[in-house]
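Colleague: Sequence:
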Amino acid sequence: MENKADVIIIGAGIIGSSIAYYLSKRGKSVIVLEASDHIGNGGSSRNGGGVRQSGRDPRELPLVMFGIKHLWPHLSEELEVDCEYHQDGNLRLGKTPKHLEILQGLTDRAVAVGLDVRMIDGDEVRKINPYLSDEVIGASWCPTDGHANPLTTTLGFYKTARKLGTRFITGEKVVELRKVRGRLAQVITENNVYTGDTVVLAAGLGSRKLAASVGIDVPMQPIMLEALVTEAEPPMFDQMLGTAEADFYGHQTKHGSFVFGGSSGLEGFTKDNGMQMCNSLTASCICRGIMKYFPDLADAKIVRTWAGWMDHMVDGVPVLGKVDEVPGLIMACGLNGHGFGIAPAIGHQLAQLIDEDRTEIDISALRYDRFKAKI
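This note's numbering puts the first residue of the sequence shown at 96, with every later residue one more than the last.
Hints are supplied without guarantee of correctness; some may be wrong.
Straight-line alpha carbon distances no greater than 27 angstroms define the calculated DSS-like cross-link-like pairs of lysine-lysine that follow [claimed, not checked]:
#	residue 1	residue 2
1	K99	K222
2	K190	K304
3	K99	K417
4	K304	K274
5	K99	K268
6	K190	K417
Derived CB-CB ranges, DEER-like [claimed, not checked]:
#	residue 1	residue 2	range
7	S308	D410	18 to 28 angstroms
8	R257	D452	20 to 30 angstroms
9	D452	T265	38 to 48 angstroms
10	Q199	K254	34 to 44 angstroms
11	A341	D177	22 to 32 angstroms
12	D452	D229	52 to 62 angstroms
13	Q199	E455	26 to 36 angstroms
14	N287	P390	24 to 34 angstroms
Just so you know, these hints were derived from the structure itself, not from any lab.
Idealized CB from N, CA, C, for every residue including glycine.
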C-alpha cells in the first residue's frame, strides 16, 4: 500500500485517534503510526477516566469546556461504543485550611474563565456524597464535570476512524522526522518512509525525541503515576473525586468497581522492554489516604494495580498546534496526566486547524511558540 496520505499522525492513543477520527469525518486521508503492537497502550489506558474542567490551568479550560458542552454528551452514540460517560460532578476535597486555600485559588481562576464551580463546606459536601468522612471540611464543586471509560472511548475513536478510512499501522516505530525543501514532509520508521502534507506529533513522551530530530525541544519530563481497581461494590456515588493536593483521584465505575489513582512520591521502575511496573509501596500509600476520606471502603479488595508515565510539561499545559520553525508540523503532546477528558476537543479543534487553518477555540496560549525567548 502507498505510504502517503494528507496527514500522518504519530501515536494511536486517544489524542492521535481522536484527531484521526475528526480528520476522516472531514474527508482527509490519514495514516496513524503506532510504535506499540496495541492501541492505547500508553497513558490512554493507564488513567483514572476523569472528564473534568475543575482544577485545570485557565489556558486549557476553554478547550475542555467546549468538549464537555458539545462533544462528550453524544460521544457514545457517535462512536457506537459505550463510553460510560457520567456527568455527575466533581468534588475536589480538602481537610485542612491550607487545602481550602489551594481549592479557593483554583476556583477563583476557573470562575474568571466562566466555569460553573464553587466552594462548599463540609456539610454540603456530605449532602452530595454522604460516604465522605467528617475529616473533609470543604471542597470545590463543579456539577458539569464527570468521568468515562478510557479503554472503550479510545477504542471507539480508533474503530470509527478506521471505518471512515483511516489506516492504522501498529508495531511501526518512528525514528525520525525529515524536512523536504524546508517543510516537514517525511516520517521515517525502522522499516519505511511515510509522506504527508501535515504531520501530527501525538506520541506522548516519545514526542520529545522525535521533535528534536527537526530542531524542536519540547520541555517535558516523565512522571510515573499508579492506579488500582477494586472488586465490584454496591453502588455508592457517581461523582468524580480529587483532592487539593492530588494525593488520590478516582470514581466508581458502571460495573461497581472503584478506580483510584495517585502517587506515593516513590518511583516505580521499568522492565527491559520498557513496560511500566508499580512500586510495591504505592498502592498501600494510596489506600491509606482513601480510607481517611472513605472509611466504608476499608475492606474493599484490590483486584490489580498498574503504572503509567505522565508526560509532564514544564508549565503544566500541553503543546498544541502549529510550530512556526517547522512548517507542516502539528504538535499534540505534553498532556500532564489529564489528557483523556480533553482529548475529544483536541481532536475536533486540531482537525479544524489542519483542514481550515483556524480553530473555533483560541489555543494560542498552548502553542509551542510560548517557549520562544522574549526580546
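Colleague: Indicate, hint by hint, whether the structure satisfies it.
Modeller: Hint check:
no. : hint                            : verdict
1   : K99 - K222                      : violated, 57 angstroms
2   : K190 - K304                     : violated, 41 angstroms
3   : K99 - K417                      : holds, 21 angstroms
4   : K304 - K274                     : holds, 16 angstroms
5   : K99 - K268                      : holds, 17 angstroms
6   : K190 - K417                     : violated, 42 angstroms
7   : S308 - D410: 18 to 28 angstroms : holds, 23 angstroms
8   : R257 - D452: 20 to 30 angstroms : holds, 27 angstroms
9   : D452 - T265: 38 to 48 angstroms : violated, 31 angstroms
10  : Q199 - K254: 34 to 44 angstroms : holds, 43 angstroms
11  : A341 - D177: 22 to 32 angstroms : holds, 28 angstroms
12  : D452 - D229: 52 to 62 angstroms : holds, 55 angstroms
13  : Q199 - E455: 26 to 36 angstroms : holds, 31 angstroms
14  : N287 - P390: 24 to 34 angstroms : violated, 56 angstroms
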